[in-house]
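**Q** Sequence lines, in order, name chains H and L. No gaps in the numbering here: position 652 of the first sequence is 652 in UniProt numbering, and each next residue is one more. No gaps in the numbering here: position 75 of the second sequence is 75 in UniProt numbering, and each next residue is one more.
Possibly wrong hints are sitting among the right ones.
What the hints assert, rightly or not - Dumping the calculated SDA-like pairs for lysine to any residue here, alpha-carbon to alpha-carbon at most 25 angstroms: (1) H:Lys251 x L:Phe28; (2) H:Lys387 x H:Ala50; (3) L:Lys30 x H:Pro223; (4) H:Lys355 x L:Phe28; (5) H:Lys605 x L:Ala141; (6) L:Lys30 x H:Val252; (7) L:Lys30 x H:Asp225; (8) L:Lys30 x H:Asn423; (9) H:Lys674 x L:Leu91; (10) L:Lys79 x L:Gln112; (11) H:Lys387 x H:Ser360; (12) L:Lys116 x H:Asn663; (13) H:Lys645 x H:Ile711; (14) H:Lys259 x H:Leu383; (15) H:Lys157 x L:Leu91; (16) H:Lys605 x L:Asn145; (17) H:Lys605 x L:Gly90; (18) H:Lys605 x L:Gln112; (19) H:Lys605 x L:Phe28; (20) L:Lys30 x H:Val256; (21) L:Lys30 x H:Asp224; (22) L:Lys30 x H:Ala422; (23) L:Lys79 x H:Lys259.
Note that these hints are calculated values from the structure, not bench results.
Listed below are the residues making up each chain.
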Amino acid sequence: MTLHDITATRRGFLAGSGLVIGVAIAPKMLAAAPTGVQAGGDAALTPMNAFVKIGTDDTVTVLSKHIEFGQGPFTGLATLVAEELDADWGQMRALHSPTDNKVYANLSFGLQGTGGSSSIANAYEQMRKAGATARAMLVAAAAEEWGVPAAEITVEKGRIKHAASNRESGFGAFAERAARQTPPAEPRLKSPEDFVLIGTELPKLDTHGKTNGTAIFTLDITPDDLLIAVVAHPEHFGATVKSFDDAEARKVQGVVDVKQVPQGVAVYADNTFAALKGRDALSIEWDLSKAETRSSEELAADYVRLFREPGLEAANNGNVDEAFKAPGLQTVEAEIVFPFLAHAPMEPLDAVFIKAADGSVDIYNGAQFPGMDQTVAAQILGLDETKVRVNTQLAGGSFGRKAQFGSPYMQEAAAVYAASGANRPLKHMWTREDDIRGGYYRPMYAHRMRGAINAEGQITAWEQVIVGQSIMGKADLDETSVEGASNLPYAIPNLKVTSHNVPLVVPPLWWRSVGHTHTGFAVETFVDELFQKIGRDPVEGRLALLTEKPRHAGVLRKAAEMADWGGQVPEGRARGVAVVESFSSYVGQVVEVSVGPDGAPRVHKVWCAVDCGIAINPNVIKAQMEGGIGYGLGAVLFDAVTLGKGGRIIQSNFHDYRSIRINEMPDVEVEIIKSAEKPTGVGEPGVPPVGPAVANAWRSLTGAPVRQLPIVNIVSA
Amino acid sequence: MVTFTLNGQERTFDGDPDTPLLWVVRDFEKLTGTKYGCGVAQCGACTVHLDGMPRRSCITPISMVEGSEVVTIEGVSGKEADAVKTAWAGLDVPQCGYCQSGQVMSAVALLQMVPKPTDADIDGAMAGNICRCATYHRIRAAIHNAASSMEG
Numbered sequence: 001m002t003l004h005d006i007t008a009t010r011r012g013f014l015a016g017s018g019l020v021i022g023v024a025i026a027p028k029m030l031a032a033a034p035t036g037v038q039a040g041g042d043a044a045l046t047p048m049n050a051f052v053k054i055g056t057d058d059t060v061t062v063l064s065k066h067i068e069f070g071q072g073p074f075t076g077l078a079t080l081v082a083e084e085l086d087a088d089w090g091q092m093r094a095l096h097s098p099t100d101n102k103v104y105a106n107l108s109f110g111l112q113g114t115g116g117s118s119s120i121a122n123a124y125e126q127m128r129k130a131g132a133t134a135r136a137m138l139v140a141a142a143a144e145e146w147g148v149p150a151a152e153i154t155v156e157k158g159r160i161k162h163a164a165s166n167r168e169s170g171f172g173a174f175a176e177r178a179a180r181q182t183p184p185a186e187p188r189l190k191s192p193e194d195f196v197l198i199g200t201e202l203p204k205l206d207t208h209g210k211t212n213g214t215a216i217f218t219l220d221i222t223p224d225d226l227l228i229a230v231v232a233h234p235e236h237f238g239a240t241v242k243s244f245d246d247a248e249a250r251k252v253q254g255v256v257d258v259k260q261v262p263q264g265v266a267v268y269a270d271n272t273f274a275a276l277k278g279r280d281a282l283s284i285e286w287d288l289s290k291a292e293t294r295s296s297e298e299l300a301a302d303y304v305r306l307f308r309e310p311g312l313e314a315a316n317n318g319n320v321d322e323a324f325k326a327p328g329l330q331t332v333e334a335e336i337v338f339p340f341l342a343h344a345p346m347e348p349l350d351a352v353f354i355k356a357a358d359g360s361v362d363i364y365n366g367a368q369f370p371g372m373d374q375t376v377a378a379q380i381l382g383l384d385e386t387k388v389r390v391n392t393q394l395a396g397g398s399f400g401r402k403a404q405f406g407s408p409y410m411q412e413a414a415a416v417y418a419a420s421g422a423n424r425p426l427k428h429m430w431t432r433e434d435d436i437r438g439g440y441y442r443p444m445y446a447h448r449m450r451g452a453i454n455a456e457g458q459i460t461a462w463e464q465v466i467v468g469q470s471i472m473g474k475a476d477l478d479e480t481s482v483e484g485a486s487n488l489p490y491a492i493p494n495l496k497v498t499s500h501n502v503p504l505v506v507p508p509l510w511w512r513s514v515g516h517t518h519t520g521f522a523v524e525t526f527v528d529e530l531f532q533k534i535g536r537d538p539v540e541g542r543l544a545l546l547t548e549k550p551r552h553a554g555v556l557r558k559a560a561e562m563a564d565w566g567g568q569v570p571e572g573r574a575r576g577v578a579v580v581e582s583f584s585s586y587v588g589q590v591v592e593v594s595v596g597p598d599g600a601p602r603v604h605k606v607w608c609a610v611d612c613g614i615a616i617n618p619n620v621i622k623a624q625m626e627g628g629i630g631y632g633l634g635a636v637l638f639d640a641v642t643l644g645k646g647g648r649i650i651q652s653n654f655h656d657y658r659s660i661r662i663n664e665m666p667d668v669e670v671e672i673i674k675s676a677e678k679p680t681g682v683g684e685p686g687v688p689p690v691g692p693a694v695a696n697a698w699r700s701l702t703g704a705p706v707r708q709l710p711i712v713n714i715v716s717a
Numbered sequence: 001m002v003t004f005t006l007n008g009q010e011r012t013f014d015g016d017p018d019t020p021l022l023w024v025v026r027d028f029e030k031l032t033g034t035k036y037g038c039g040v041a042q043c044g045a046c047t048v049h050l051d052g053m054p055r056r057s058c059i060t061p062i063s064m065v066e067g068s069e070v071v072t073i074e075g076v077s078g079k080e081a082d083a084v085k086t087a088w089a090g091l092d093v094p095q096c097g098y099c100q101s102g103q104v105m106s107a108v109a110l111l112q113m114v115p116k117p118t119d120a121d122i123d124g125a126m127a128g129n130i131c132r133c134a135t136y137h138r139i140r141a142a143i144h145n146a147a148s149s150m151e152g
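With the rest of the complex left out, here is chain H (with noise of 0.2 angstroms):
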């Protein structure tokens, strides 16, 4: 496919998506911008409804409120549609909505979003509602042209069927008509017995463009004239410009412009590789007097000593203090530290601005929260909110960094294009030093664990102190600092649970399962220990804990069995165990692992069993389950942002933050728990046991429990 047929493609899609909310986008933009949005072909695009338009061809395009970024939406989405609409799914595409807070809201957030592992279990019955609502009024449709009852008219893949009068038509022919139609006030939905499509291993629709280079994300947008524009960032946290000289930087060939903004020195130019060698080229002198100037060894040093003060109460079950006082006991005490990690998405953040006739702007980028941006690109550029277009794009990856409130990114590219005059289309981009650098990390923790454990080898008090920045900005309890520790799984009968909220100037975001990457880590190595204290199998000692837990029993039983555990081990290999609810899923994991021959673990084997209630598309969750555990192992074995003396960051790209790569990948096997519960998100679910399944085998082969991550870190010192 040439850019001309995404521009034809694309002023088809245009074409029919006014219809829906009214978006009007001057024509001349058209040619100018060729977007990436998987149009549902060159045909007219009728809606049926704000998620469903069909094709004079046929086809049946499910417009996405959810960012397709890797983790499926656009065919999960996409399948609860065709199952309700009786569907074939060689005819079903999607495409990214539009943006709207109410009528594209992800029902969990109350405003347009992607996050949380939401995406399926909040459109789950409002998708196969849009696809039950296209049916009927299709049917109304056929029954008025062919003169017969509605109720003797059947559907099936794709087709619509009279018997009687041995009529037949595909979806395309009735589009117009079934537009026309009363929708149906309470549209009849399948019983999940009837579903011929939910749980079986569809295709992907977005396979075929991320194959052969033809899928267009945010960085390939390319109208003419455009301008490109890159930022000098500081290399402190919290560090300002004092003054700037750019006379080199205006040198350089392409270079057009330098300009001040709030977050550093933009520099505007004819094509990407000048406006990189004009920042290059700026002299900048930074004002640190605001920044943190305090090494990540010093910030753990003071958050280690806030164990010992009293912390915000996350669970008080029982009486900790009075069954450490038993006597007879037994206890076992761990302090754990972890790092800031970058979410590093293979696709550094960027947005391309193009102005229309009238004076709109048309935003593309990967949004995660595309009302937010829009608003606050609304406010900079000064323009009404009503003349700011997001268009949501496909994007290289997220992982969290995305989604932030307030979208700070957005401010940036604005206030970027702002600066311009906006007189050409802009495209700003991230370098990945800027991405490893641009804060917005997964904050660094610190967990300090106490366990008692009573002369009948029982666990009887567990206490856990969290100390860490608040990801909400919260002065009182975030619920994302503790979840995973304070609604801890397993039976004991005295939890106290409390944190501190660290107030720091490196900006913190959630990173993919958010409290979970440390909270699991830190409970499923230290109950671990705990069994290792008492004696006992790390999988029975955890099920005799979960009697009251039947789907976190259920995940670990079918891990282990999927392991063969306590079967034979080769020779060098050791196994470790681990089970973490988050966001509603249940996932178990036994990892088998050996000393690599640079000294750091090799992990040879994951078993990975997850219960994530009605399973859309197996191979989706099977996907993100293996892509859970690269993405979790990864960070775990190798990565951390450091600040060095003075608080500059230390790291820069992936010479030293380091991605997991194909060679130490394990061989991973998932194997999904039937249920008939709601369903519920797979994106995030799949990283948090990895890392202490992995820590925990790592014990049981050396002997060294793991205190402090990346685990790379603790074999080299």
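Let chain H serve as the given structure and place chain L on it in line with the hints.
**A** Positioned in the frame of chain H, the structure of chain L alone reads:
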């Protein structure tokens, strides 16, 4: 002025000779399948074929490309390319998809050189291509499938 062949067509570039091939292909030739991921040859998202060999275009100045043949994801063809793309689709390898042009280009080059690669061959050829979605498990399987499909 640098003259080279891009996907079989002769092209010229008369801008800054230090400009990396990546930005010539993307900004000037408007072929956007080749991606930027790191700029320092660490991630492989920018992999193209230069005179038949996989090459990180982000660190390849255009001045080095004089007289060479460049093939990008948009132009890669032949039985290995067909086999790889088919195998990729068969296993639904991509997640976000951003790195996959580079993965495909590296995999095609591997199969052109080693028609029946072992796991160690795959590690050697593909370790330079980062996938943050960690689709590695399926990449490995897809390369084996592509190799098998070319046997018959």
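**Q** Against each hint, give a clear statement of whether it holds in the structure.
**A** How the hints compare with the structure:
1. H:Lys251 x L:Phe28: holds (21 angstroms)
2. H:Lys387 x H:Ala50: Distance of about 21 angstroms is within 25 angstroms: holds.
3. L:Lys30 x H:Pro223: Measuring from Cα to Cα gives roughly 10 angstroms; hence the hint holds.
4. H:Lys355 x L:Phe28: holds (22 angstroms)
5. H:Lys605 x L:Ala141: Distance of about 15 angstroms is within 25 angstroms: holds.
6. L:Lys30 x H:Val252: holds (22 angstroms)
7. L:Lys30 x H:Asp225: The hint holds at about 13 angstroms.
8. L:Lys30 x H:Asn423: The given pair, whose Cα atoms are some 22 angstroms apart, holds under the 25 angstroms limit.
9. H:Lys674 x L:Leu91: holds (23 angstroms)
10. L:Lys79 x L:Gln112: holds (9 angstroms)
11. H:Lys387 x H:Ser360: Answer holds: lysine 387 (chain H) to serine 360 (chain H) is near 4 angstroms, not above 25 angstroms.
12. L:Lys116 x H:Asn663: Status holds; Cα separation ~18 angstroms.
13. H:Lys645 x H:Ile711: holds (22 angstroms)
14. H:Lys259 x H:Leu383: Holds, at about 21 angstroms.
15. H:Lys157 x L:Leu91: holds (24 angstroms)
16. H:Lys605 x L:Asn145: holds (21 angstroms)
17. H:Lys605 x L:Gly90: With a Cα-Cα distance of about 23 angstroms, the restraint between lysine 605 (chain H) and glycine 90 (chain L) holds, given a limit of 25 angstroms.
18. H:Lys605 x L:Gln112: violated (30 angstroms)
19. H:Lys605 x L:Phe28: Violated. Lysine 605 (chain H) to phenylalanine 28 (chain L) sits at ~45 angstroms, over the 25 angstroms cutoff.
20. L:Lys30 x H:Val256: holds (20 angstroms)
21. L:Lys30 x H:Asp224: Holds, at about 10 angstroms.
22. L:Lys30 x H:Ala422: Satisfied, since the Cα-Cα distance of roughly 22 angstroms is no more than 25 angstroms.
23. L:Lys79 x H:Lys259: violated (50 angstroms)
The structure fails to meet hints 18, 19, 23 from the earlier list, while all remaining hints are met.
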